[in-house]
Structure formats: structure tokens, C-alpha cells
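Engineer: All chains, full assembly: derive it from the sequences and hints.
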Amino acid sequence: MEDDLVLLDRLRAGDEEAFKALVARYDGALRRVARSYVRTDSAAADVAQETWLGVVRGLDGFEGRSSLRTWIFRILVNRARTRALRDARDLPFSALEQDDSPAVESSEFTRDGNWASAPPRLEGEPETSLLGAELREHLLRAVEGLAPAQRAVITLRDLVGLPAREVCELLELSEGNQRVLLHRARSRVRAALVPLVEVGR
Amino acid sequence: MPFWRRRARDRAQDPLQCREFVELVTDYIEGVLPESERVRMEEHLAGCEGCSGYLEDMRRLVRSLHEVPEPPPDPETRAAMLNAFRDLRGPS
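Line by line, the protein sequences give chains A and B.
Under our numbering, the first sequence has 85 at position 85, and the numbering climbs by one with no breaks.
Under our numbering, the second sequence has 1039 at position 39, and the numbering climbs by one with no breaks.
Heads up, none of these hints are tricks.
One-sided excerpt, in silico: chain A residues whose CB lies under 10 Å from chain B:
(1) Leu11
(2) Glu16
(3) Ala44
(4) Gln49
(5) Ser106
(6) Asn114
(7) Trp115
(8) Ala118
(9) Leu140
(10) Leu159
(11) Val194
These are calculated hints, taken from the structure and not from any lab test.
These numbers come from a predicted model, not from an experiment.
Even glycine gets a Cβ: it sits at the ideal position worked out from N, Cα and C.
Structural biologist: Next comes the structure, spelled out in C-alpha cells:
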């Protein structure tokens, strides 16, 4: 927060280097989050641009009640929702109530609820990430295939890396609902990857 | 009601099943489980290779998502934003 105040002073004073650094730091993340609301990359880029304009215009009115980052993402989410509505794709947060399917297909378990056979593993050494370029594509495609609310949550939490508290604030979710969405999103991404990378054991 | 929505106290008597484990795994990773549930998870983990592997994979999945690079910058957008910043905030 203290860094925020220094940065804010520089921005308000018209410091271009500070603004460039801010855009460099968050523009990619903004577009990625916007993409969970709108249909195309170019619409997401528009939303990110509108967000930056909103940031520049709003600097004087920013009161520091949230972090600068939360404030910027809040502007983004509002712009993205507006855009999605205009494009007739509202984010159906009611999806929360509609997805009651389990993390793992019930056919994977015996009747007493234990693994029928050891679950397939994602390949690679345990301490490494999964990702060659090809797998990274699969991973992103799996995220893109999620229901919108799940996609928004996993994007903010796992791709952008925001803490749970901040995501709840941005998306106006309770902590419990945020976790349910995150859980379903991660479980579904895993399920989508398994057939692609399964090594079988 | 799905079994994982049942209250913790209704489950607490039973040994944890794998089917239950995979539904609690996010709460476990997030560190929000009540102590008694966390202990049940860890007792189960100690004896279940399938669930140990599942947990490891979920952690790797999260780590992998963290490591996906952000979309590349668009120079035109950056230039346009900088111009807007100059117009609105620059020295007058």
C-alpha cells in the first residue's frame, strides 16, 4: 500500500515512466481477465484500453480505500460487464447453482467411494510445472472452455495470481462461493487435461 | 444434497473416502479446512497413493497456471495509452 501511494503521486504528477511501468505490469493480465467476459481477443483489448482511460481519468478521485491494483481490476470488471451486456453475453453467476457435478466422475470410484483404480497422473516430475508449449495451449483452452464465473475466478486466482480476498471483492462473491467456483474450475481443467497427458499407472 | 455438502459433523465419524477427498482438495490447498477435517485429510493421504498423486497433480496444475506467461504486449495500444496519459495528465 505504501508503494501504491508513491506510485500514485508520480502518476498524478504526470510521470510517464510510472504510467508505462503500470501498463507493462498489468495490461496482459487485464486482457486475460477481460477475455473471460467477452468473446474475442480484440474485444478484450478494447476493454483493457477503456480501463486504462478510466484509470487515467480517475486518478484524482481514487481514495486509496482499496489497493491500486484492486481499483484497476475493479474498473476492468465493470467495463467488461458493460461490454458483455452490450454483446448480449452477460456473465451468468447463477452458473454457481447449476453446476453440481462432482470433481471426478463417479465411475472412477468403487461403490464404497474409493478409487476403482489409481487415478491417471499428469506427466512430468512432481516439482516441475506441466508445461511445454503444447501443454500450455491445452491448459489455456481448458480454462477457456469453463463456464464464465468459473473462468473468471480461475483466471484471477491462478493465472493472474490475485489473493482470494481480492477476488471476492472484485467479483462480489462470498469466500465460500469463490472457493466453490475455484474448486470446480480446477477440477474441470484437470479432467480436461487428463486424456491429453495421461501416462497411466 | 450431494455428499460433499453434508456438514462436517455428519461425516466426522467415518473414515474419509477418496470420493470425498477430491471434493475437499481445494479447501485443503487453500488452508481453510477446520483442524479436524485437515487431520482426516492427512490421515487419508498417508495411506492412499491415489489421493496423494491427485493432490500433487492439483498443486502442479495451479503452479503451471501461475507460470503461463501473460499475453504479449501490443505496442500500438501502449502508444495510444501513453498519448492519452500525456493529454490528460501531462504538463500543460
